[in-house]
Amino acid sequence: MIEERIVDRFRTAVADEPPLGFDPDDVVSEAARRYGRRRAVAGSAMATGGVAVAVTAVLATGGTGQGGYVGPAQPPNGSCTPSPAPATDTTGGTVCGGGGLAPASGLTVRTRRPTVPTTTVVPPGSEKPSVPQPPTQGSFPGSDAALAHLRQMIPQVLAERVPGLTFTVPDGGDLMVHPTGRLIGGAYRASGTRHRYVQVSVSHDGNALDPGADPASTGGWGSPQGESTRPDGSLLRVYAHTEGEAQNLSVLHLRTDGVIVHVDTTAKPEPGRTGLAVSQEVLTAIATDPRLTF
Amino acid sequence: MRKADETRFREFARETAQQLRRSAYLLCGDWHLADDLTQAALIKMYRAWPRITRTERPVSYARRTLVRCWLDERRRPWRRAERRDGQLPEEVPGGPDPATAAQHGDLRAELFDALSRIAPRQRAVLVLRFFESLSVAEAAEALGCSEGTVKSQTARGLAALKVVLGPEAAPAALRRNGE
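In order, the protein sequence lines correspond to chains A and B. Count the first sequence with the numbering used here and you get residues 20 to 313, in order. Count the second sequence with the numbering used here and you get residues 2 to 180, in order.
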């Protein structure tokens with residue numbers, strides 16, 4: 020029976036497993052450290068909030084004689100701003116409500132150098148581990164300048180191309196730099212939602228259009244829902260799939276200079292919201308925006 | 002967290018890390034990513050530990066967290082952009098002899114090739130049902146879905162694997178060796 024074969028195959032697959040690449044005690048210590056810091060940050064924020072409330076109360080009750088005016092309105096917390104590196108909490112998640120700890124990206128307690136290079140990358144601002152570890156921050160020649168450029172451009176493009184929605188800073192606190200394929204990207208969650216993302220990544224590994232460099236060629240994406248050649252000779256491909264109740268739509272722009280811009284949107288139904296956060300046309304406008312390059 | 006709770010969690014982490022990592026490996030096919038996923042799951046569990054021990058079975062919660070970590074991980078575009086061009090052999094000191102290791106490598110490659118062709122949730126269901134030996138109800142609890150969904154995903158996953166692995170029971174590596 021197929022069930023018995025699967026059981027055998029699973030057992031065989033893990034039969035000669037390598038030793039654990041981490042010490043569980045270190046993981047617990049790291050968790051305790053992060054949780055302690057999170058509480059400290061929360062406590063400090065509450066204290067700051069308390070002071071603000073007190074000052075506001077003093078002003079509102081005639082402390083200045085100005086009728087309680089406390090300053091200009093601030094932009095909503097979590098909206099995209101083009102410039103600054105985002106603030107991060109102690110877990111590597113974002114203070115303004117980003118997706119929190121990226122499972123593999125926020126981990127810093129690896130104790131054994133892998134026998135093969137892994138693709139794990141740690142977002143800037145992550146905590147230094149308390150135990151020795153190999154460097155895991157992704158980089159490639161020129162990545163600093165590319166990162167600075169895209170940190171500024173992606174929010175600008177999103178703000179212009181996706182009217183009506185604002186996005187938090189990327190999951191993990193900042194854009195991720197992936198040396199394999201010279202890729203920089205991040206997942207931006209629409210403010211006020213839990214499961215509605217627009218992900219943007221830009222890679223520049225070749226110097227000419229290479230249809231085979233499409234990340235979908237690794238399989239699992241299915242056939243493109245649509246493909247078209249643009250007047251400049253670049254290719255646009257559209258992929259769509261659903262997984263459970265989650266929907267996903269991806270637009271890839273394979274450019275003639277070798278740049279590949281991948282924009283996709285993922286959404287799960289939430290109270291009062293169904294369907295994708297943005298349309299294929301909007302994704303295409305983002306993917307073909309000339310500012311998204313390096 | 003109280004000291005006593007932390008001590009219990011530390012014991013739990015020591016006891017379950019290896020098994021969680023095996024499940025993570027079958028989900029993702031990479032021991033190093035499996036290490037990361039296991040650590041992520043344990044770190045997430047830490048905060049909830051006092052509540053978990055009061056209300057439900059910690060192992061069940063750990064499985065659920067691990068599967069969610071993996072599904073979240075798959076959503077990230079830089080993971081999709083990776084290319085797998087083959088299986089690199091792991092270096093395990095004191096491991097099996099080279100012939101056995103090579104045969105295991107072939108079997109692993111065939112298994113993960115087959116698993117990569119099925120939907121992530123189907124893969125998770127198969128790992129929970131046939132590696133962790135969970136019942137339909139336990140798998141449903143671990144995945145946060147209905148028992149009917151587990152049954153249908155299991156049937157679809159098995160059917161897909163049957164197609165990929167072939168109707169013959171013998172693994173390709175053994176068939177090649179004429180065994």
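Everything labelled a hint here was simulated from the structure, so no lab data went into it. Just so it is clear, the structure is predicted and the values come from calculations on it, not from any experiment. Using N, Cα and C, we set each Cβ at its ideal position, and we do this for glycine too. You may find that some hints are simply not true.
Quick partial rundown of chain B residues pointing at chain A, CB under 7 Å, derived from the structure [as the list claims (entries may be wrong)]:
1) Ala14
2) Ala18
3) Gln40
4) Phe131
5) Leu135
In silico negatives: residues of chain A with every beta carbon more than 12 Å from chain B [to be verified]:
6) Glu22
7) Pro37
8) Glu49
9) Ala167
10) His260
We went through each hint and held it up to the structure:
1. Ala14: holds (4 Å)
2. Ala18: Because about 4 Å separates Ala18 (chain B) from the closest Cβ in chain A, which is inside the 7 Å limit, the hint holds.
3. Gln40: Holds: closest Cβ of chain A sits about 5 Å from Gln40 (chain B), inside 7 Å.
4. Phe131: holds (5 Å)
5. Leu135: violated (12 Å)
6. Glu22: violated (6 Å)
7. Pro37: violated (5 Å)
8. Glu49: violated (7 Å)
9. Ala167: Correct as stated: the minimum Cβ-Cβ distance to chain B is 19 Å, above 12 Å.
10. His260: violated (9 Å)
Of the hints listed earlier, those the structure fails to meet are numbers 5, 6, 7, 8, 10, in rising order.
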